[in-house]
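Heads up: the protein sequence lines correspond to chains D, C and S, in order.
Numbering-wise (the UniProt record's numbering), the first sequence opens with residue 1 and increments by one.
Numbering-wise (the UniProt record's numbering), the second sequence opens with residue 1 and increments by one.
Numbering-wise (the UniProt record's numbering), the third sequence opens with residue 1 and increments by one.
Watch out, some of these pointers could steer you wrong.
To be verified - Okay, derived cross-link-like pairs now, DSSO-like style, lysine-lysine, Cα gap no bigger than 30 Å in a straight line:
hint : chain 1 : residue 1 : chain 2 : residue 2
1    : S       : 205       : C       : 139
2    : S       : 205       : C       : 116
3    : S       : 25        : C       : 119
4    : S       : 123       : S       : 205
5    : C       : 120       : S       : 205
In case anyone wonders, no lab produced these hints; they're calculated from the structure.
Residue-level listing of the chains:
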Amino acid sequence: MTDSTKPEQRSEGTGTAGALRGVPEEAPGPENPTPESPSDKSVVRLGDRIFRSVATGSGIFVIATIAAIGIFLLIRAIPSLQANEVSFLFSREWQTGDPSNLRFGILDLAWITVASSLVALILAMPIACGIALFLTQYAPRVLARPFAYLVDLLAAVPSVVYGLWGALVLAPVISPFAVWLNNNLGWIPIFADGNVPAGSGANVFTAGIVLAVMILPIITGVTREVFARTPTAHIEGALALGATKWEVVRTTVWPFGRNGFIGGSMLGLGRALGETVALTIILSYTYTPPNYSIFDAGATFASRIALGSAEFNNNLSVGAYIAAGLVLFIVTFAVNALARWIESSSGKGKE
Amino acid sequence: MAKRLDIKDLNLHYGKFHAVEDVTLQVQARSVTSFIGPSGCGKSTVLRALNRMHEVIAGARVDGKVLLDGEDIYAPSVDPVQVRRTIGMVFQRANPFPTMSIRDNVVAGLKLTGEKNKKKLDEITERSLRSANLWEEVKDRLHKPGGSLSGGQQQRLCIARATAVQPDVLLMDEPCSALDPISTLAIEDLIAELKKDYTIVIVTHNMQQAARVSDQTAFFNLRAVGEPGQLVEIEETGKLFSNPNQKATEDYISGRFG
Amino acid sequence: MRTDTADVEQPAADPAFQYLSLGRKLKNNAATVVFTAAFLIAVVPLLWVLVTLLQRGLPPLLNADWWNHSFYGLLPSDFGGGIYHALVGTIEQALVCALFSVPLGVTVGIFLIEYGQNSRLAKTATFMVDILSGLPSIVAGLFIYALWITTFGFDRSGFAVSLSLVLLMLPLVVRTTETMLRIVPDELREASYALGVPKWKTILKVVLPTALSGIVTGVMLGLARIMGETAPLLILVGYSRAINFNLFEGPMASLPLTVYTARKTSTEAGEYRMWGAALTLVLLIMLINLLATLISKFFAVKTK
Ligand SMILES: Nc1ncnc2c1ncn2[C@@H]1O[C@H](COP(=O)(O)OP(=O)(O)OP(=O)(O)O)[C@@H](O)[C@H]1O
Ligand SMILES: [Mg+2]
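Excised from the complex, chain D in its bound form (with noise of 0.2 Å):
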C-alpha cells in the first residue's frame, strides 16, 4: 500500500508495474496517450486522498457544529442557571434584568408555545391530509403540479409577513368567532376567559391559526411524496375488485402513507414550536398568568428570546434567554429526530 503513494519509487523498483507503467514511454511521440510523466502520477493519487479527506471532514463538521450547538448553549446558560433565584422548570416569572437578582422560568413560555403549536396542528393536520390526497389521486394530472405549486408558495412567504398579516389582517376578522366561542362554549377550560380579552385577536388562537398556514406547506410536502409512492399494483388491485375512488383511498393509500404523514406532521410541529417573528408581532406580552386558555396571550419560548432581544447587554442575563434557547433546541431535536425516524419507517415491507 505505502509503495501505491510512492510512485517516485516504484518506477526504480521491481518493475512489476511495467508494462502498466511503460505505456507513455512505447507510445510514439505527438500521440503519446498518457501525457503526465511518473512524478504527476503522484499528484494524482494525492488529489484523490485530498479530495476525499475534505469531503469526510466537512461529513464531520456538520456532526461537530450540531454538537457544538448544544455544547456553546449549555456553557452560556449554566452561569445564569446558577445565579437563577428562582426554579428555571417552574417558575412563572422572567425577571432578566438585572443580573444580581435573576428570576427566570419557563413555566408558562412552555405553555404558550405548546399550546399555539397543537392548535396549529390540529388545523393542519387534517387540512394537510386532505390537499395531499387531492393532489395525488384527485386532481387532474395536468393542474397537479400548479396545485402542488402554489401550497409550496405558502413557504416563500417570510413569517415576519406571516406576522403582520395575523396581527392587522387576520386578527380582526376572526376575533368575533373567538368572542362567540368564549360566550357559548366558555364551560370548556380551553375556550374559557384567558389572561387578556378574547376579542383582542392577540392570543394563541390567532397564532395558532397563523402558524397551521405556515406549517401546512410543510406537512402537504411529506405526505404528498409518500402518498404518491403508493404502488399501482395496490391502487389497480383495489380497482379491480370494484373499489370505489374512496375505497382505494381508505384500503391502501391512507395504510401505505399513514406514518409518512404522521412523520411529517411532527416536522410541521418542530417547525411551529420554534417559530418565532411571526409570534413575537402577534401575541400581546402580559404580566399577567395565563389561564390555560386558548384565548391568553404572551410569549413562546421563540417569542421571548426575541423580545428580549434588546436587552442584550451583560452575560448573566443572555444566559437566561439562552437558558431558553437551549430547551427549545433540546425539544425540537427531540421532535426532528421522531419525525424522521417515523418518516423512514414508512411503507416499509409494503412495497
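For chain D, the structure is supplied; the task is to place chains C and S with the ligands on it using the hints.
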C-alpha cells in the same frame, strides 16, 4: 502496443454472493475474444474485473490474478487508475458525457488527466473519430453536445473516446445490444479494424456476431441459479461453434438450453 | 374508475353493471368534495396575504425614491425615503452566507453520495443535516451570539447574521446536492473511470457539471428562503436607517429587519414603510424563485 492477458483462478464476489468461480483463460495480443453465455452467468463481471472496474462497486471483491504481459494488474503497487488507462472499456449503453461537446467527449480521457495542447488534442480527435468510422458524419459539428447524435453514432463516439487514450486492450460489454443492424455492422467492421492495434475482449449475446468477429470464444454457464458462474470452455471460434468439446456448449449454441 | 359516478340518466334497462349501494356512492362523493375543499382552504390565506401585500405595499414601491434612497433623516411621521439600505443589507448578508454555505454544503453532499455510501459516519451526518434543517432560526442566532459575540468578543454585525444564516442554508444546499448527484447516472462515472480518470477528477469534471444546474437552482431557492429570516437578525445586528455597506461594522438594515422595526413606529408613515418593505421582500423572493425555475428549465443537462 497490444498486450496479452492471462487470467488465473479468478473468483469474483459481490458482498457475500459468489458471482464467478475459478476462471482461467488467455487472450492473445491483437486478437478478438468473445464471451458468450446465458444472462447472469457473470460475463460482465469477468470483463469488469479485467480493468479493475469490478472494485468500483461497494462490497465487490476480487481473488486471483490478471496478468497483462506477465504483470499482475492486482499487485498492491499498481494504481487502478493506471490500469484503466491501459485497458479501456466500452459499455452496453452508449454513455457520452452530456455536458461535453463531441470533440471534448473524444479527448475527455486526455483532457481530464491534464493534456492541454490544443493542436495535439485536435489531431487525436480526428484520428480517433476516423478510426471509429465517425469522422465524416460529425466533422462539421464537433462542438455540438455528444448527446445530439443517434444511438449508433453515440456508441461509436464512445469507442472513439476509449481509443483516444490509446489503451493496450479494449473491453466491450455488449456494445451493439441497443443498436439497429446497420449500426451493428458498422461496429463489427470497426472491431475488425481495431484488431490490428488492440487486444479486444467482447461480450455478446449474438452468436452470429461472436462467430463473425472473434478469433476465440469463451462460453460461460451457470450450474443453477444462485450458484457461481463458470467458464465452461474456451476454444478457437470456428471449432467452438462447429464442434464444441462440452455438451453444455452444444446445447447452448444450438438453442437447446435449459 | 368512472363507474362510481352514477349514470342516473340511463334508461331503466337491465343494468349492465352492478349498482353501487347508495351509502358507498355518498361516501365517495363526500370524500371528493372534502379533499377538494381542503385544497381550496389552503389557497385562501395565500391569496389573502398576497392581496393584502399588494394593496398596502404597492404605493411606496411606485415612488422612484423607494429604490435608491434610505430612510436616513426621516422623522417617524415623514413619508418618503426608500428601501435601498435594506436591499443592500439583505443582498450582502445573503451573498456572504452563500459564500460559506455553498462550498461547504456541496462538499458534504459529495461526501454523502460519492464517498459515504452506507458508512456510520455518513448516516450520522445525514441525521445531523436533518436536525439542522429543523433548527429554529432563533436558536441559530443564539448559537452565533454565544460563539461569535460572547466567546470571541466580536461586535454585533451583518457578518454575524451571515454566519447564522449559514447554519440555516447549509441543510438546504446539502439536500439539493444530494438529490442532484443521485440522479447523475453511474454509467457516466464508470465511463470516466474506464478512461483512467481518477475519482476526484471524475467528480469535479464529470459528475458536478452534470448536476450543476440543479444545484444552482436549489441554492437560489435556499437563498430566497433565508432572505426572509428575521429572528437571528434581532439578536445579531442593530437596525440602521442609513446605508451601510460594511458587513463587519455598525448596525445594518435588511428587508425583514426593516419590516419588524417599522412595525414599532405607530404612525401612518411607519405603516407605509412597513408594508412597502414587506412587499419588496416578497417580490425579491418571488423574483429569485422565478429565476431558479427558469435556470432549471433551460439549463438542465439531459442524462436520458
Ligand atoms: N452490482 C452488483 N451487485 C450485486 N450482484 C451483482 C451486481 N452485478 C451483477 N451481479 C450479479 O452477478 C451475477 C453475474 O452478473 P453479470 O452482470 O456479470 O451477468 P452477465 O453474464 O453479464 O449477464 P447479462 O448477459 O444479462 O449481461 C448475477 O447473478 C448478478 O445478479
Ligand atoms: Mg452483462
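Hint-by-hint comparison with the structure:
{"no.": "1", "hint": "S:205 x C:139", "verdict": "holds, 25 Å"}
{"no.": "2", "hint": "S:205 x C:116", "verdict": "holds, 15 Å"}
{"no.": "3", "hint": "S:25 x C:119", "verdict": "violated, 76 Å"}
{"no.": "4", "hint": "S:123 x S:205", "verdict": "holds, 26 Å"}
{"no.": "5", "hint": "C:120 x S:205", "verdict": "holds, 21 Å"}
Hint check: a violation occurs at hint 3 only; the rest are consistent with the structure.
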